[in-house]
Amino acid sequence: MEFATKQFGVIEIRDDQIVTFPEGLIGFQGCKRFFVLDIDDVGFFKWLQCLDEDYLGFIILDPRSVFPDYDPEFAAKDLEPLGASSPGDLVMLSVVTLPEEVTEMTMNLQAPLVINPSKRLGKQVITVSPEYTTKHAVYAQLQNLLKRTG
Amino acid sequence: MLVLSRKAGEAILVGDDILIRVTEIRGRGSNAVVKLGIEAPPGTRILREEVEAEIAREMTLAKDSVLDVERLKREFFKEEKSEE
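Chains E and L, in that order, are what the protein sequence lines are. Just so we're aligned, residue 33 is where the first sequence starts under the working numbering, counting upward by one. Just so we're aligned, residue 532 is where the second sequence starts under the working numbering, counting upward by one.
Hints listed in this document are in silico derivations from the structure and should not be mistaken for laboratory results. A hint or two may mislead.
[Unchecked claim] Straight-line alpha carbon distances no greater than 27 Å define the calculated DSS-like cross-link-like pairs of lysine-lysine that follow: (1) E:Lys109 <-> E:Lys151; (2) L:Lys566 <-> E:Lys109; (3) E:Lys78 <-> L:Lys594; (4) L:Lys604 <-> L:Lys594; (5) E:Lys167 <-> L:Lys594; (6) E:Lys64 <-> E:Lys78; (7) E:Lys78 <-> L:Lys604; (8) E:Lys179 <-> L:Lys538; (9) E:Lys151 <-> L:Lys594; (10) E:Lys179 <-> E:Lys38; (11) E:Lys64 <-> L:Lys594; (12) L:Lys604 <-> E:Lys167; (13) L:Lys594 <-> E:Lys38; (14) E:Lys78 <-> E:Lys151; (15) E:Lys38 <-> L:Lys604; (16) E:Lys38 <-> E:Lys78; (17) E:Lys78 <-> E:Lys179; (18) L:Lys566 <-> L:Lys538; (19) E:Lys167 <-> E:Lys64; (20) E:Lys109 <-> E:Lys167.
Kindly generate the complete structure, drawing on both the sequences and the hints.
Structure representation (structure tokens):
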């Protein structure tokens, strides 16, 4: 199918690239079907486009690429709907908040998006680990990381 | 909503496997703080009520993020650029 986005024009999406979040996202319960878009030139950042609403999308990052020790614990019942046979089958993505000032960029480590790629099912799960919040500063970490790998 | 009165040390049972005990009551009136001990099966999510609202608020801020690819490129990938 073709889908018109606000930021990236018309994108071509195959059905097998659509991830369904049966419960939507927290605060956006109506948004259930998503597509992860790679962004040219800033490969680190990806764009999570909601397919139920043209103009809704989120900047996302692999949390472990920035915080390698990130290891949130989840309530087992929260992961059940994803139908994974082991936690290793699951992939996590974190939502980025990017205000006007880039240096104030933060990442939400308290409620990552947990995805089972083989079933293309996702859920935004609130971790029970108390050390993670909705606002982890990420600018300096990213700068260092890209300096090392770049 | 079912409302029950409990003294410090007393508990209530929810279903077959959840117990909530008032372990401490501090202060008076609107400053009173109640400490609760909760026993529940592993795998049960227990959260302060305000946490979900806070996450929803953050998601709204995230949604309003300005994704300026050029700006991100400048900020994070400029060295790479100059080497090309």
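Hints, one by one, checked against the model:
no.	hint	verdict
1	E:Lys109 <-> E:Lys151	holds, 18 Å
2	L:Lys566 <-> E:Lys109	holds, 25 Å
3	E:Lys78 <-> L:Lys594	holds, 14 Å
4	L:Lys604 <-> L:Lys594	holds, 20 Å
5	E:Lys167 <-> L:Lys594	holds, 14 Å
6	E:Lys64 <-> E:Lys78	holds, 18 Å
7	E:Lys78 <-> L:Lys604	holds, 13 Å
8	E:Lys179 <-> L:Lys538	violated, 58 Å
9	E:Lys151 <-> L:Lys594	holds, 26 Å
10	E:Lys179 <-> E:Lys38	violated, 31 Å
11	E:Lys64 <-> L:Lys594	holds, 15 Å
12	L:Lys604 <-> E:Lys167	holds, 22 Å
13	L:Lys594 <-> E:Lys38	holds, 13 Å
14	E:Lys78 <-> E:Lys151	holds, 20 Å
15	E:Lys38 <-> L:Lys604	holds, 19 Å
16	E:Lys38 <-> E:Lys78	holds, 15 Å
17	E:Lys78 <-> E:Lys179	holds, 19 Å
18	L:Lys566 <-> L:Lys538	holds, 11 Å
19	E:Lys167 <-> E:Lys64	holds, 24 Å
20	E:Lys109 <-> E:Lys167	holds, 25 Å
Violated hints, in rising order: 8 and 10; the structure is consistent with all others.
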